[in-house]
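S.K.: Residue numbers (my numbering), protein chains in the order written: chain A, 1 to 124; chain B, 125 to 692.
I should point out that these hints are in silico values taken from the structure, not numbers from a laboratory. All clues given are correct.
Computed cross-link-like contacts, DMTMM-like style, restricted to lysine to aspartate or glutamate with a CA-CA straight-line distance of at most 25 Å: (1) A/K95 with B/E606; (2) A/K95 with A/E117; (3) A/K95 with A/E70; (4) A/K95 with B/E455; (5) A/K95 with B/E446; (6) A/K95 with A/D75; (7) B/K340 with B/E371.
Here is how the chains run, residue by residue.
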Amino acid sequence: MMAAAQPGILIIEDDIDIREALLTVLTDEGYVVAGVANGREALQQLEECTPALILLDLMMPVMDGWQFREAQRRDERLRDIPVVVISADSEARQKLGGMGDVGFLRKPIELDLLLSEVARRMAG
Amino acid sequence: MMIAGETGVPPFLVVTLDAAGRITGIQPQAGALFQTDPAALLGRPLVSLFPDESATRLQGLLERERAAAAAPGAAASALEQRKTAAVEPLQTAAGSPIEAAAAPWLGSGPGGVTLVLRSISPGGPGAGAMVNADRFLSEAMTLLSSSLDYRITLTTLAQVALPHFADWSIVDMVAGPGESKSDAPLIRRLVVAHRDPALAEVASRVQAFPPDPEAKAGVGKVLRTGEAEFYPDLSGLAAEAATRDPEHAALIATLGARSGMCLPLIARGRILGAITFVLGHSGRRYGPADLALARDLAGRAALAVDNALLYEESREAVRARETFLSIAAHELRGPLTPLQLQLQLALRSLRAGRVNPEALQEQIVACERHVRRLGRLIQALLEVSRIAAGRLELVTEDLDLAQVARDVVTRYAPEADAAGSTVDLTTVSCPGRWDRLRLEQVIGNLLHNAIKYGRGRPIRLESGPAPGLPGWALVRVQDQGEGITTEHLPRIFERFERAGATRRVGGLGLGLHIVKQILEAMGGRIEVRSQVGLGSVFTALIPCEDGSARAQAQAQAQASSGPGARAG
Chain A
1 MMAAAQPGIL
11 IIEDDIDIRE
21 ALLTVLTDEG
31 YVVAGVANGR
41 EALQQLEECT
51 PALILLDLMM
61 PVMDGWQFRE
71 AQRRDERLRD
81 IPVVVISADS
91 EARQKLGGMG
101 DVGFLRKPIE
111 LDLLLSEVAR
121 RMAG
Chain B
125 MMIAGETGVP
135 PFLVVTLDAA
145 GRITGIQPQA
155 GALFQTDPAA
165 LLGRPLVSLF
175 PDESATRLQG
185 LLERERAAAA
195 APGAAASALE
205 QRKTAAVEPL
215 QTAAGSPIEA
225 AAAPWLGSGP
235 GGVTLVLRSI
245 SPGGPGAGAM
255 VNADRFLSEA
265 MTLLSSSLDY
275 RITLTTLAQV
285 ALPHFADWSI
295 VDMVAGPGES
305 KSDAPLIRRL
315 VVAHRDPALA
325 EVASRVQAFP
335 PDPEAKAGVG
345 KVLRTGEAEF
355 YPDLSGLAAE
365 AATRDPEHAA
375 LIATLGARSG
385 MCLPLIARGR
395 ILGAITFVLG
405 HSGRRYGPAD
415 LALARDLAGR
425 AALAVDNALL
435 YEESREAVRA
445 RETFLSIAAH
455 ELRGPLTPLQ
465 LQLQLALRSL
475 RAGRVNPEAL
485 QEQIVACERH
495 VRRLGRLIQA
505 LLEVSRIAAG
515 RLELVTEDLD
525 LAQVARDVVT
535 RYAPEADAAG
545 STVDLTTVSC
555 PGRWDRLRLE
565 QVIGNLLHNA
575 IKYGRGRPIR
585 LESGPAPGLP
595 GWALVRVQDQ
605 GEGITTEHLP
615 RIFERFERAG
625 ATRRVGGLGL
635 GLHIVKQILE
645 AMGGRIEVRS
655 QVGLGSVFTA
665 LIPCEDGSAR
675 AQAQAQAQAS
685 SGPGARAG
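The shape of chain B in the complex, shown without the other chains (with noise of 0.2 Å):
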C-alpha cells in the first residue's frame, strides 16, 4: 500500500491532454495527488485516475470542452476571451477533493485540452482533510482528557470522529502479557460504532470478529509493526474477507467499507491497541490529508489511553494491596489467636497461686513456636515485596535435588497428616548447584498447596533429572483435589491470587507467585496442568547448573532491546 507523502500537493496542477484524453503533460507534484508515480502517469487517460462519478463528471467536462473548440469559428484568439471556464467539482480515488476547470491554452494540438486543478479545501495544518483539523483535534482532546476511566476513555475515541470524519470506528487493544496464552499477543475488539444508530447493533456485533494478530493486512499488522495502514479504496480488502468469514462480510457489508485507516495507538514506546476509522455510506473517500490528521489525533489520542491505562493500573494495584493486607491480617491471627490464649492460661495460673513448673516450661515452648509462625508469616509477606522491587538475591551451593526434597517432605509431614494426605516420593539423584533456602521453599510451597486443596488425597512428589531435558532438574507435584478452573489457571502464579473457594481454604495466596518469581530467578520455570474434580500437577524445571547468571543476563536483554522485541 503506497501512501502519499502529506505535503506534496500544490494547490494548482496543470495537466495537459490529448484528443485521446490521455495525459501528454503534468506537473511531477501530481504524484502525491494520485498516489502514484508521476512518470507513470504520461499517457494514461486521466478519467482513469477518477472513481465512479468524479470520472463521469471529467468526461463530460473534456466533452464539452472539445465540442466547443470544435465549433464553428472558433479560435485560439476566441478561447482567449472566454471569460469563465467551466469548473467541476471532484474527489480523486484517495478521496481528496479538488476542482478542474478548463484552461485556454494554445498548443494543446487538435481536439487537446489543458485542465487545471485545484483542491477546493482551505489552507493551513490538514488542508484538504474533510474536517477542520485544529478544531477537531482540540475537540477530541477535550472529550478524551474527560475521564480517566478506561472503558469510557476508549469509547469516547471510537465514538470522536463520528460522524464527520468517519462513518464507523474501531478499537483494538492489545492485551497485557498475562492475559494471552501464546506467545501471539492477544486482541481485544473493545469498541465498534457507527454514526447511524440504526447501525449501532450490528457494529457492536463486529466486536465479536477480534483480528488476527499474524494477519499480512489491517490491525493485526498495525498492531505488530506499529505503522499505519491507508486504505482509499477498501473494496478489494472486503472481498477478501468475504472468502474467509462470511458473517464478518457480511456485517461489514451492512455497515459500509468504501475506504479506512488503521492508526496504531503508541505511547511510551509501547503499542497500546490500534483505531480504525472507515468511510462507507456517506460516499466519501479518504485522502493523504485525512490520514495526516488521523494520524495526529491517533498520537494525541493514545496519551489520553494510556494515562486512563495506568490510572486503572494503578486502581488494581491499590485494590490488590487492600485484599493482600485483609488476608495478612487474616493470617498473622492464625499464630496470634493460641500465642493470646497460651499467655494468658500461663497468667492465670500464675495470678492464682497454681504454678506448675511443667506446664509453664510447656506452655512457654508453645508460645515461641507461635512467635516464630508468625516471624515466617511476616518473612513471606516481606518476600513478597522484595520479589516486586526485584531484589531476589540466590546463594548457590551443591546440593543433592534428591536430598533438599526428602528434607522438605519430612518437615510438612505433620501438616500432611493433619490433611489426611499421604505424600508419595519418589526421588532419583540430581547433583546440581542451587540456593538451598530458594529450592526448599519452592518444593515446600507446592507441596503445602497440593496439602491445602487435595482434598485428604494422596499425594505424588517426584524429583530427578529432567527427562529429555539434559542439564535440568524436575520436581513434579501432584494431587487429587479439586482442581483449577480454566480461568483461574493463567491467574494463579499472580499475586494474591487463590484458585480455591475462598472461604473455604485460608493462606496468603502468596506460594505459588513466590514459586514462579524464584524459580524464574533461578532460570527455570513451571508448568501446571489441572482438571477440575480430578487434581492438578505442578512441575517445576530448574537448570542443574548456576541459572541465575543466565535469568539476569536473560532479563538484561528484554529490558534493553525495549517493547519493539515483541513485534517480530
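Chain A extracted, bound-state conformation (with noise of 0.2 Å):
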C-alpha cells in the first residue's frame, strides 16, 4: 500500500472500503498516496515520512481523528501539515471546534469536492 516514492497524501480511516476507495481515486488523479487505518498507525507512519495533506476520519478505534490531530498540533515537524477532516456526522463541523484550521468534507463524499479541496490544499 505505501508508495516507494514519499506519500503526497495519507489518509486515516477506519473503513477499508472508504481508505480503498479514495486510495483508487486519488492514485488515479496521480497523487503518492499511502492508507492507515487509524490515529496510532499514522503517528507511526509519520515519523517515516512528511506528507504536504492528511485526510482524517474522526470516529475510529484505538485513536479516533481528534486524539490524532491533537498528538499533530503537539509535535512541531508535524504541525504545519494541512488536514481535512472527512466524516460522515452531519454535527461533526460544529465538533472541530478545537481542531484549529482543518477543511471539512462531508460523506458521502462528492468526487469533484473531494479533488478541488485536495488540489487547494495541497496548492496553499
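Two chains, two separate frames, one set of hints: put the complex together.
M.R.: Printed below as a string of C-alpha cells:
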C-alpha cells in the first residue's frame, strides 16, 4: 500500500472500503497516496515521512481523529501539515472547534469536491 | 393488622357499664368501631378502648354521671326528667370521631351507667373521614390529571392529601424490571412531602431510606401483596424502626408519626408503587372511613400515574427511535461513501474515454461489495424491528459449535487485523441443534464488539460444552479493551445503547441487543463481567438441544401468569 516515493497524501480512515476507494481515486488522479486505519498507525507512519496533506476520519478505534489532531499539533515537525476532516457525522462540523484550521468534507464524498479541496490544500 | 369493615358502624351505639366502668352490654356493630371482636368487648373497661385525652374525658363523664346518680334525692324519675345529657366529644383509637352521652336508662344497676355513642361525622360516602370525601376526591383528581409529566404527577400525589388528610406523605415506586439488578423489585422512594414547610427538608431526607422489599410490614409488604396496610397506632412501628436504623427513626420522630396508612397504586393489574399517609404532630388518628377514602384516592391516582407513565414511555420510545434513525443514517453513509466514489470515478474514466476494462471490473466488484454491506446493515435494522415485534423464527439443524466458531473467526479476521487485534481461538467439539445463522450472529456480534472496543489488544474466544452444566454450550469472548462502567453495564443489552465513548466508535448499537434477544429465543442467556481499563468478558450459555420450544413455553407461561406472579 505504501508507495515507494514519499506519499503526498496520507489517508487516516478505519473503514477499509472507504480507505481503498479514496486510494483508488487519488492514485488515479496522479497523487502518491498511503492509507492507515487509525491515529496511532498514522503517527507511526509519520515518523518516516512528511506528506503534503492528511485526510482524517473522526470516529476510529484505537486513536480517533480528535486525539490524532491533538498529537499532531503538539509535534513541531507535524503541526503544519494541512488536514482535511472527512466525516459522516452531520454535526461533525460543529465538533471541529478544538481542532484548529482544518478543511471539512462530508460523507458520502462528492468526487469533484474532494479533488478540488485536495488540490487547493496541497497548493496552499 | 385488623382492618375494620367500612360499613359496620351504625350512627348510634348503646353501651351499658357496671359500677367499675366495665362493659356489660353493647351492640355487636361496636366491633367495627373499636376494630375488635365485639364479644371480646364484654367485661372490658370502656375507657381502655380510648386513647389518651379521649380516655380522660370519658372517665370524667362517667364520674360526673355516677356522682349525679348518687346525689341525695336522685331517683329514676329524676333521671328520666333530665332534659340534657352531658356530651363529650371523643376519638376512638382508630381515630373515628364520636360523641358520648350518658343516657337516662333504667336498670343500669347500682353505680352503673348507660351511654349512647354517636358518630359525629356527616353522613354520605366516607362518613367519619376527616375530610369531605366527594370534594377531596374531585379536587385531587383535578390536580392529578393536570399534568402528564410523571414526576409532577407523583409530586402532586404526595401533596394532594396535605394538610387536611395527612401531615406528611411518601410516594414509593417500583422500578422497571430492567433497572433492578437482582430478582427483588427495586423500590425508589421518589417523593416525601410534609405539611409544615419547616419540615420539608427533613422530609426529603427520608428519601434516602427506601423501604425493604422483603419487609414483613409497611411499604415493602404492600408492594409485594398489593394489599393496603392500616396503622391506627404507629408508635410500636416507630419503636421497631429505631432498632434497625436510628437515623431513620430520628427523622420519623421529627416528622411525627402517630397513625398511618399505606395504599398500593395498582393500574392495569400492575403494582406501580405505593402512597403512604402519616398523621403526626396534628394529634389526629386515622379511622376506617379514612382508610376507605384513601383506598378510593389511591385507586384513582394510580390511573393518573399510569397515564403519566405511559406518556413518558411513549416519549422515551420516540426519543430512542430518533437516536436510532440518526445512528442508522450515519452508518448507512459508511458503505455509501465508497460506493459513490467508485461510481463517480468509473463515470469520469468513461467520459474521458480512458476505459481500462480491468480497472472498471475492479471498480464494479468493489461497488457490489459496498451494496452488499448496505444490504446487511438494512437487514440488521429490520432484524431489530422484527425482534421488537417478537417475530424471531429459528430454523435448527445438527451442528458443531466448534465449527461455527471457527467459521466466524475466519470471517472476522480482516476486521481484527485492521484493528490490530489477534483472535486466540480455543474450541472443544460440542454438537447440538441450533439455527446456524443465528448462532453465527451471536458469536459474530460478540467478536465484532470485542474488536471494536478491544483497543487493538489480543482477544480470546472459547467455545465448547459449558463446564458443570450438562446439555449446555458456552461461548466466551474476552477482550482487553476499555471495559464498561458499572453504570452502563445493566443497559448494554438494550436497544441503541453504546457503552463506549460514542464519538470514538461508530456502530448501530444493536449488536448486543440482537445477541441477547437471539439467545433468549434459543432458551439461553448472556452474562457479562467487566472492569474499566482491563476489558470485558461476555459469556453466552446456550442449551444444546432445541431450546426454542422451551423458551416459547416459558414465555407463554409468563404471559399467562400475569403481573401478580412477581409478588410471590
